[in-house]
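If you're matching them up, the sequences are chains A and B in order. Sequential numbering from 1 applies to the first sequence in the numbering used here. Sequential numbering from 361 applies to the second sequence in the numbering used here.
Be a bit skeptical, because a hint or two may be false.
[Unchecked claim] Computed footprint of chain B on chain A, listed as stretches where at least three residues anywhere in the stretch have a Cβ under 8 angstroms from a Cβ of chain B: (1) 256-266; (2) 272-284; (3) 339-353.
[Stated by the list, open to error] Across the chosen pairs, the derived CB separations fall in these ranges: (4) B:Met423 - A:Pro166: 42 to 48 angstroms; (5) A:Ser307 - B:Leu405: 48 to 54 angstroms; (6) A:Ser307 - B:Gly422: 51 to 57 angstroms.
[Claimed, not checked] Capping the alpha-carbon separation at 25 angstroms, the derived lysine-lysine pairs in DSS-like fashion look like this: (7) A:Lys245 - A:Lys222; (8) A:Lys245 - A:Lys360; (9) A:Lys222 - A:Lys325; (10) B:Lys466 - B:Lys550; (11) A:Lys325 - A:Lys360; (12) A:Lys98 - B:Lys466; (13) B:Lys550 - A:Lys98; (14) A:Lys106 - B:Lys903.
Honestly, the hints are just simulated from the structure, not real lab data. For clarity, every value in this text was computed on a predicted model and none was experimentally measured. For glycine and all other residues, C-beta sits at the position ideal for the given N, C-alpha and C.
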Amino acid sequence: MAEGGDKAKRERGEREDVRAGAGRGSRRHLTARTLLVASTWVIMLALAGTAAAASHPNVLNPAGSAAHEIRTLAIQVFSILSVVLVTVWILLAYVIVKGRRRPESKASQTSGNLSIEIVWTLIPALIVAVLFFLTVRTTQQLSLPVASVRFDVVGHQWWWEFDFGPQGFKTANEVLVPDDRTVYADLQAADVIHSFWVPQMGGKVDTIPGRVNHISFTPLIKGTFLGECSEFCGVQHAQMRFVMKVVTPAVYIAWVQHQGQPAATPTGAQAVAGGQLMPTIACGSCHTVRGTTMHGTFAPDLTHFGSRGGIGAYAMVNTPANLLKWLQDPQAVKPGCQMPRIPLPLQQQQELVAYLEELK
Amino acid sequence: MSDVILTADVAAEAARPQGLGAWLTTTDHKRIGVLYLCTGLAFFLCAVGMAMLMKTQLIRPGMHFLTPEQYDQVFSMHGTTMVFLFAMPMLIGLANYLVPLQIGAKDMAFPRMNALSYWMTLFGGLLLYSSFFFGGALDTGWFSYAPLTLTAYSPHDGVTFWTISLALLGAGSIMGAVNFIVTMLRFRAKGMGLWQMPIFSVATFINSFLILFAFPSLTAAIAMLYLDRHYGTVFFNPAKGGEPIMWQHLFWFFGHPEVYILILPAFGVMSEVVPVFSRKQLFGRSSMIVMLGVIGFLGFLVWAHHMFATGLPTIFNVVMAGTSMLIAIPTGVKIFNWLATMWGGALRFKTPLLFACGLIALFTIGGITGVMQASVPFDWQAEDTYFIVGHLHNVLIAGTVFAVFAGIYYWFPKVTGRFLNDRVGKFQFWLTLVGFSITFLPMYALGMMGMPRRVYTYAPNVGWNTLNLVSSIGAYILATSFLLFIYNIVTSARSGEVAGENPWRAWTLEWATTSPPPHGNFRWLPPIRSPRPMWDLQQAAAKGGEADDGAPLMTLAAAAGEAGTVIGPEPEQSTIAPFFVAVGFLLVAIGLLSTLVVTAIGGAFLLLVAAVWMSQHWTEPMAEDMSRHRFSFMGLSMLVFIGSESVFFAALIAADIHLHIHNNSLSGAGHLHATFPAINTLNLVLSGVAAHYAQVSYRRKRIGAFNGLLVLTVILGALFIGGQAWEYAHLGFGLSGGLLASTFYTLTGFHGLHVMCGLGLLVFLFFRARRERRLELGTSPGTSGMVDAATYYWHFVDAVWVAVFIVVYLL
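With the rest of the complex left out, here is chain A:
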């Protein structure tokens, strides 16, 4: 028994030593570690901040009405909640600093305090009420207003169809909209769920097969804005981009009228050859070029492909060199996409490139 008691005392003494030892040495360690962590944070925040500032397609760099409302809401909500976060951090730092040196005999034995607990239940409740009010208010402000510019969007694996039915054309992966007019789109999907998102214009809305959703916003700043599919939709979800260009109403009207025209007649020698070649090979079974015999609807409409900025839903920028690469092996650029390799001699590939680039 005595042995056990001695052993216990020795163990207890060791524990005290460990505690004391931990006190001396670890104060240096704690400072070093705190500095290390604090510095990683400062670097992270700096990086994040610089990266975030005035970049595209940044949610915090709005160019449309809806994105503006949402940014305001985000700032309001984040500001309120940061106060909570910083309070927690300050309290944590305080209890740590005060508590590490306290001997056990001085540890208090309080088990609760009803008044304090009520206070820190009610304060979060109040904060939640305020946040909820702000949320509801912004949600109502974003409800869909009457639209003057209207088109349909259909999400496909892995490209975006823009259908201007009343104006008589379809295009793909690129759409122009006039600034300062409300845009209203009907959103559908041809196969699986996709999500239509232009971060600088507003929030995203899913395109769900069997259902028609709607999106509405008013572009406020002219420019070119990136859009992305934002719901995992299969192997090429990562390269299902599109571009929305905000232009003056005059430019918009001109674009719409031009898009309604059938395909341009090719003029260059190679382009003419390409124009004669293309309907004779497989292209027309998937693609449409209005004014020719190619009427496929499975793949993007190519009638005015030459005036678009991207290939394969912006998997590549539209240049003749890139288009040649795409035609030679679309699977190398966008593995798993729906366009098969079509083996052709180089000469014919170049003719096709020339033709497609003349389809402005």
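Let chain A serve as the given structure and place chain B on it in line with the hints.
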């Protein structure tokens, strides 16, 4: 005298069998807990490896390290593994080990079912991973939205493997939940009320209800997906009247409570660790318990916040935003209570407390970004971007994983008798903290900069390159810290500093026994008068002259002059039956993936092993005081299980009604004849009456009447099934006959399956009762419990039929 008892039992512990056979046949909750923990850690390493593959691919745009197909499998399996094969097994493993110890019990209420739960989990995980070898694993994300998951868009078997594996995992989890609930309701040590259980046990108790009510929704969803993929049903096929969005409702009704399932036990660990290392009792214990319940309850009311962008009605979105924000209140209260616990305490910064503080500092960021996303318009920007990826990892790593680390550093001495190396632990903590911060905090920025999630590459000229590179570097640091953790475990298990019974001088019952505890857990229990029995004992011992509260238990007992309760050694019962039942389920599962012949073999094997299980000689580890209860723990467990199955049928019925609302042409009343089924219903109702009187007869010990009425119940039930079969044969459409066929066959089919299981149960009960009568035992408590259980189940099946009948034939 008491020391002699303890020494003798430690010797007995060393003689416990250790080989593979011992581990395959164990029913000891502590060994099962260790199995769960080791399995969880093994899958953790797999999932971390997958994370490293992804982060390497994303170092810069246009990397060809992984093909898109590979990347999609990796991100899908990473998520599924982390949720179902790491986090859940770790938390359930800790709970398995600790709950019986914390409540002063010898084991769980159903030790064999406990083992079965583990083997189901292991086999489910192995089956899931086998998909890599059979045409590719799941590649549609851990929440797998339809219709991408239908065979038209996902022809290979990965999705099917996922559905079947999840069914195995879910079954194991639900069995575990029933086990925990019944154990804690019925087998607490004398003097410990439900409210006095340690908070980790309370958290597990509440968590078990979440598992019980959430998983059936997943089961319903994956059953429908499996049928859509392989039997031509059209639940999620929009071309045939199905509704893709219904998958999301069903999945997230499970999925959101699932993340609370992953955090409630973590909060429980916090409430154990923070007080002990602050040398101060938990502040606001009552409110902590209430808030756990509030979080659990509210967790079922928020699922559609994952669907804000799907175009649901605004009012619905706004309500879900409100309920989602409400959860911030109980969570905030808990954070403040932990801070208040530390306030005025004497903080001892061992590794567990470091992780606890890390949780308070960093989990709160995740909580805040969660509330931001509850704000619907902001979510419309943040949803499906890296902002969400940052948020979810923030709460899961700085929440669940930090708490798991804290718990393991805290309880490792109890489980192995050795400390984890604390210096390595502290270094690991800081490395994890730094690694986590560098990996995941930039993701919030990336999300705001427009980067979507689940992308194998990204556009090279939009400004995302630097932060992705930084995040990937952080991931390497974080992964290293995890390897360090594993290293600590492996080396400390062998050569760590020896720990005694109560090395942390803690206050709950798991510390009132040896490290590790013997089979049966305790040889002596202190009197239980408060939530901190060991604190009370230490205080009494101090008054009696023993100042060291870390002294051996018997020393404290002697100094305190407490007689306590002496408990004899518990003989170990080992059986291979749980393992083989799991094998049976695995065969059934494999058959569903290949050919139904294997399913039939598996089913037959199951029946055989189940018969062996139910007739093998088995002594319940703990006796119930039946004077205080209306029905035995067997009956109770069936009632709990029925709660779970009710949600399964509710999910199927809800799906049916949803489809009705969106498809005017879908009408059972219009296309089905209700007369025959209505008559058939009489069979089932009469059988329910017979079952009731059979139960009454058994209670009154009128065995002849009992036998007769039982046979009548079975005959009428069989007639019902026969009638169903006749109806199926004369319907004129099969499973692939369209929307009505899909809903009709699933509702009546799953109900019929439940009836057949019930018939099996009743038949078995008949033979068991006859065997006892032959042995002149009269009515035994065990069989009485089974009679209760079988009758409740049968009444449940009756009640469900009424609901199914109305929905299928009259709507």
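These are the hints, each one checked on the structure:
1. Counting residues of the stretch 256-266 of chain A whose beta carbon lies closer than 8 angstroms to any beta carbon of chain B gives 0, which falls short of the minimum of three for the stated coverage.
2. Check on the stretch 272-284 of chain A: 0 of its residues sit with their Cβ under 8 angstroms from a Cβ of chain B, so the three-residue criterion for coverage is violated.
3. Requiring three or more residues with a Cβ within less than 8 angstroms of a Cβ of chain B, the coverage given for the stretch 339-353 of chain A is violated, as only 0 such residues are present.
4. Separation of B:Met423 from A:Pro166 is about 44 angstroms and conforms to the stated range, judged on CB atoms against 42 to 48 angstroms.
5. A C-beta distance of roughly 52 angstroms is found between A:Ser307 and B:Leu405, which places it inside the suggested range of 48 to 54 angstroms.
6. The given range of 51 to 57 angstroms is broken by A:Ser307 and B:Gly422, whose C-beta atoms sit roughly 26 angstroms from each other.
7. The hinted pair formed by A:Lys245 and A:Lys222 meets the criterion: a straight-line CA distance of about 7 angstroms does not exceed 25 angstroms.
8. About 17 angstroms separates the Cα atoms of A:Lys245 and A:Lys360, which keeps this hinted pair within 25 angstroms; it holds.
9. Restraint check for A:Lys222 and A:Lys325: not satisfied, since their Cα atoms lie roughly 32 angstroms apart, outside the 25 angstroms limit.
10. Among the hinted pairs, B:Lys466 with B:Lys550 is consistent with the structure: their alpha-carbon atoms are about 13 angstroms apart, no more than 25 angstroms.
11. Distance hint between A:Lys325 and A:Lys360 is fulfilled; the C-alpha atoms sit about 20 angstroms from each other, no more than 25 angstroms.
12. For the proposed pair A:Lys98 and B:Lys466, the alpha carbon gap of about 41 angstroms is over 25 angstroms, so the pair is violated.
13. As the CA atoms of B:Lys550 and A:Lys98 are separated by approximately 39 angstroms, the hinted pair breaks the 25 angstroms bound.
14. At roughly 18 angstroms between alpha-carbon atoms, A:Lys106 and B:Lys903 fall within 25 angstroms of each other, so this suggested pair holds.
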